[in-house]
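From first to last, the protein sequence lines stand for chains V and U. First residue of the first sequence: 1, per this note's numbering; consecutive thereafter. First residue of the second sequence: 1001, per this note's numbering; consecutive thereafter.
Derived by calculation from the structure, the hints in this document are not laboratory data. Because the structure is a prediction, the values reported are computed rather than measured. Don't take every hint at face value.
Each computed SDA-like pair below joins lysine to any residue, with the alpha-carbon atoms no more than 25 Å apart [stated by the list, open to error]:
#, chain 1, residue 1, chain 2, residue 2
1, U, K1606, V, V148
2, V, K62, U, F1488
3, U, K1606, V, G23
4, U, K1493, U, Q1458
5, U, K1029, U, F1130
6, U, K1029, V, G11
7, U, K1029, U, F1475
8, U, K1029, V, I196
9, U, K1606, U, Q1228
10, V, K62, V, S79
11, V, K62, U, K1029
12, U, K1029, U, V1490
13, V, K62, V, I196
14, U, K1493, U, L1483
Which residues of chain V face chain U? A few of them, derived with a C-beta cut under 10 Å, are [stated by the list, open to error]:
#, residue
15, A9
16, G16
17, L109
18, I141
19, G143
Built from N, CA and C at the ideal position, the CB exists for glycine as well.
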Amino acid sequence: MTPEMTSDAAGLPTTGSGLRATGWWGMVVLIATEATLFAALLSSYFSLRSGADVWPPAGVPKPEFSLAGPGTAILLSSSATMVWAELSIRRGRQGRLRAGMAVTSVLGLVFLAIQSIEYATSEFTPRTNAYGSLFFIITGIHGLHVAVGLCMLAVVQLRAWLRHFDAERNLAVQNVSLYWHFVDAVWIFVFASLYISPRVI
Amino acid sequence: MTAAASRLERAWETPRELALQLATVDHKKIGERYIVTAYVFFVLGGIAALLLRVQLAQSGESVLGPETYNQLFTMHGTTMIFLFATPMLSGFGNYFIPLQIGARDMAFPRLNAFGYWVFLFSGVLMYSSFLVGDAPDGGWFAYVPLTSAAYSPHANLDFWAGGIIFLTISSTAGALNFIVTIFKMRAPGMSIARMPLFVWAVLATSFALIFALPALTAANLFLELDRQAGTAFYKEAAGGNPLLWQHLFWFFGHPDVYIIFLPAVGMVSTVIPVFVRRPLIAYTMVALATMTTGFIGFGVWVHHMFAVGLPALSLSFFSAASMMITIPSGVQIFAWIGTIWAGQRVVWRTPFLFMLGFIVIFVIGGLSGVMFAAVPFDWQVTDTYFVVAHFHYVLIGGAVFPIFGAFHYWVPKMTGRMLDERLGIWTFILMFVGFNLTFFPMHIAGLLGMPRRIYTYQPGLGWDAWNLASTIGSFVLAASFALFVVNFFVSRKRGAPAGDDPWASNSLEWATSSPPPAYNFRAIPVVASRDPLWDGRSKLGRAAPPAGGIPLEPRGAEREAIETSFMDAEPERRLHMPAESLEPLVLAFGLALAFYGVLPDLLGVKIIMVSAGLLIAIGALISWTWPDRPARAEASG
């Protein structure tokens, strides 16, 4: 036991981040359960696929990269801008925090717009067959997560304008950043399963 | 009351006005609400069971029609699993985890309140199906294609699937909160190797929930989309597969058995050492067995599906895993028996009796469980009353007996009054006799070929006597649950005062007064061993001075707690804690309105309700996450 344990609490800091913040741990556990949800969705995809002779089923074209490819690049680059925003506020740079989050939000919106175009021009629907159901519901649930991330970014952006954050106090920025990276990372798995795997295996 | 105590009281106590009581974030009040609500659902599920038993008392009985019978057995199972067992254990966890780890509250008090309201509203959503006569009727595991729109065209299953998805939000919030609370809010000195075993058990359960619930959510989401949006996840003709439901459901469903069982065995490990006056033998092994059970629980789901025609390799794997999971259970049973054996003397009081009853019944239920792990035997008894007997031995033996043991042990802490010992012993005798009389004959009826879920049967099959015995037993069992309620209310008025520590226990909840003050501990305890009340070295932060421990006086009306490091529990931060807040209730209410969207449009107002619900929910969320003034000035936001 260290000496400080028996002393009184007055000397303890009131701020903390990462491993020292309950909020950070909460976000990590939330991400763990959300990641499991995507694992269940993608397992369902491969489970139903294993029962099919042809994949995608007859009458449904193989997934195209022409829209989803650029969409992927845009979404992944939004993680970089978010990192920049987070590192900026750790150095106390208010303007760069706001700019970084604004660019991240715009990139997220563009990704959703591309996804909408892909939906609108699709030759099949969720009702066509199980393949269609899986494709639309898995990408749709991911899109919903992007949308939730955008809402979180909007609230944190507003708080950034109100100067709630500085070099020490920025847990909300860290948490929204963590969530945003998770949404991007999950997309890599969704993209690999839904777009790449039918062409490779 | 000293000046310091009254300052703490002012900062932490929830005033008596209704609006503030609804807004309370006190983990003890929330825990009590969980326990009372779960007991109400327990009574409702029990009434359903008694009706089923009356119908089956003799062959050709006609108390219930087949349709009502289906609805009642579905709601009996659903209620007991989802609305009684898990929330009841959640209630005990809510009340006692912060006390046992020497904290002032959970890590996220408002999330805690939110979890309770969602649990309440999802239960109400499911039970409101009785009002329109469309109660769920697909069994508690709701297999497709029976539950698809083609074969269940009415709203029965929509109430069920919607209610379950809604409820998973509550369970996820609760599990997340327990994990962070146990990791970060422990009293200084309570390193991970000194945590009480109930804390270990709730930790293992919470992890199991975090990784099991998403499969249940996905399964029900697919079901509702298939039923209402015309997707084809479970539709064979369009490339879907009904077995996908079974895989997803049991990937959740089997770990769920351990989710119910683990906190209950945590209660057993809590009570036994106190009543034999020595620390638990093989603490480390029991803690590891707890975590291992939670983990292996994910590798056995296919043993619910041995009869569906899966590849032999897969059957072998899951058969092996199902046998392996008996090892950590065996470790715990030997640790309990060894502890009793090595104990100084046995204190024969009711909490201990219930835990002994648990050991006997659970060993029987465990043995019939190992029998299922053998594939050929499983094929013989699948979907017979043998299965019904087995899982009631495991779930009532494995959870209900420990829960009633925990009631007799912990109610004095919650009310400040001892329960009546004589009524307690009668409760135990009635429960033990009633339970065995109800469920043991079901083994035999099952071996004689009686299938589960039949609403009546022909005479002359040799089932009549066994069924009559079960029915009589079920009423004896029900009498024991009623007797406990009588004991509770009589003792709360006239029971002997409990004092801080009536059992001379070892863990921190007994260091403070009964019932504990709103702030739990006068000062933050500093723990020096696994049994802080027995070691003579720990500083306990008692309610009465001299408290010992780390004083944490409120500055003004602000609530504060101490956050400690994950492994060693060294203090690292002073934490601002939230005051009463209505947002959790408003958010849960908004979501409840939105979940009305899974139901058919009964009154033509669905769109309005769903959009109003979502707007309310979003507003509540923003208001919730917006920091209040002290947090913005002081903490990290």
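Tell me, in ascending order, the numbers of any earlier hints that this structure violates.
-> As far as the earlier hints go, 2, 3, 4, 5, 6, 7, 8, 10, 11, 17 and 19 are violated by this structure, in ascending order.
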